[in-house]
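Build the full structure now, drawing on both the sequences and the hints.
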Amino acid sequence: GAVVSQHPSWVICKSGTSVKIECRSLDFQATTMFWYRQFPKQSLMLMATSNEGSKATYEQGVEKDKFLINHASLTLSTLTVTSAHPEDSSFYICSAGAGTGFSREQYFGPGTRLTVT
Amino acid sequence: GESVGLHLPTLSVQEGDNSIINCAYSNSASDYFIWYKQESGKGPQFIIDIRSNMDKRQGQRVTVLLNKTVKHLSLQIAATQPGDSAVYFCAEDKGANNLFFGTGTRLTVIP
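Protein sequence lines, in the order shown, are assigned to chains C and Z.
Per this note's numbering, residue 7 is the first one in the first sequence, and the count goes up by one each step.
Per this note's numbering, residue 243 is the first one in the second sequence, and the count goes up by one each step.
Honestly, I wouldn't trust all of these hints.
[To be verified] Below 25 Å or equal to it, Euclidean Cα-Cα: the simulated DSS-like pairs (lysine-lysine) are:
1. Z:284 to C:26
2. Z:298 to C:47
3. Z:284 to Z:298
4. C:72 to C:26
5. Z:310 to Z:336
6. Z:336 to Z:313
7. C:20 to Z:284
8. C:20 to C:61
9. C:70 to C:26
10. Z:313 to Z:298
11. Z:284 to Z:336
12. C:61 to Z:313
13. C:20 to C:72
14. C:70 to Z:336
15. Z:310 to Z:284
16. Z:284 to C:47
17. C:72 to C:61
18. C:61 to C:26
Since the hints were made in silico from the structure, they are not lab data.
As structure tokens, this is what we get:
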């Protein structure tokens, strides 16, 4: 149980185009999902918290107009990178909380590798 | 400010030996910590967690120790296997499931 999927697993796009990444909780409902970015050999950095039915909460330094987040249902959140540039190339990972009781565990998706040329 | 960091960026151990990965945190108010394993090109995988009202928690081949006095967290892996080779992150729950990840330690198991 508690599986999170992402689509696509990798994408290559040209500079100036937009790319949408989907994050789905497959066997549980998630009112909150999280989007992270990870550069090579670095740690995960939280970009934003996605809330079902409301606006996302962005971390300091993350441009909300560039990284559009939509949490349309309890099982789907999308991240759209608008007007992508080479510096946006990174590994994007989503997560959703499914823990109860003792655990506040987050389950992570497999990640999406974005390459902007 | 808040930070979760790791003492060693890399660790190499012989297969069968025990591994110890360390993590320091600075927010004494944090009450929940998680260890994740990340293999190349994949998302983080939950290993074990611990609440601040505990000093130790054991799982299968893994043990997490929490020393609140010195704000230190460690992950012990018993009888390390080649499949344990990965990057290990500690994460601090800042509240509302908002995780702050440490730098990461790359564990390499030598056959």
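We went through each hint and held it up to the structure:
1. The suggested pairing of residue 284 of chain Z with residue 26 of chain C holds, with an alpha-carbon distance near 19 Å, which does not exceed 25 Å.
2. With a C-alpha separation of about 29 Å, the suggested pair residue 298 of chain Z and residue 47 of chain C falls outside the 25 Å cut-off, and the hint is violated.
3. A threshold of 25 Å between alpha carbons decides the hint, and for residue 284 of chain Z with residue 298 of chain Z the separation of about 28 Å lies outside it, so the pair is violated.
4. For the proposed pair residue 72 of chain C and residue 26 of chain C, the alpha carbon gap of about 12 Å is at most 25 Å, so the pair holds.
5. At roughly 16 Å between alpha-carbon atoms, residue 310 of chain Z and residue 336 of chain Z fall within 25 Å of each other, so this suggested pair holds.
6. Simply put, residue 336 of chain Z and residue 313 of chain Z have alpha-carbon atoms about 15 Å apart, close enough for the 25 Å limit, and the pair holds.
7. Between residue 20 of chain C and residue 284 of chain Z, the direct Cα distance comes to roughly 24 Å. Compliance with the 25 Å bound is thereby established for this hinted pair.
8. Using a Cα cut-off of 25 Å, the hinted pair residue 20 of chain C and residue 61 of chain C is violated, with the two alpha carbons roughly 28 Å apart.
9. At roughly 14 Å between alpha-carbon atoms, residue 70 of chain C and residue 26 of chain C fall within 25 Å of each other, so this suggested pair holds.
10. Taking the CA atoms of residue 313 of chain Z and residue 298 of chain Z, the gap is near 14 Å; set against the 25 Å cutoff, the hint holds.
11. Annotation: proposed proximity of residue 284 of chain Z to residue 336 of chain Z holds, straight-line Cα distance about 24 Å (limit 25 Å).
12. For the hint pairing residue 61 of chain C with residue 313 of chain Z, the CA-to-CA distance comes to about 35 Å; that exceeds 25 Å, so the pair is violated.
13. As the CA atoms of residue 20 of chain C and residue 72 of chain C are separated by approximately 16 Å, the hinted pair is consistent with the 25 Å bound.
14. Taking the CA atoms of residue 70 of chain C and residue 336 of chain Z, the gap is about 22 Å. The hint holds against a cut of 25 Å.
15. For the hint linking residue 310 of chain Z to residue 284 of chain Z, the alpha-carbon distance of about 31 Å lies beyond 25 Å, and the restraint is violated.
16. At roughly 13 Å between alpha-carbon atoms, residue 284 of chain Z and residue 47 of chain C fall within 25 Å of each other, so this suggested pair holds.
17. The suggested pairing of residue 72 of chain C with residue 61 of chain C holds, with an alpha-carbon distance near 14 Å, which does not exceed 25 Å.
18. A hinted pair counts as satisfied when its Cα atoms are at most 25 Å apart, and residue 61 of chain C with residue 26 of chain C qualifies at roughly 17 Å.
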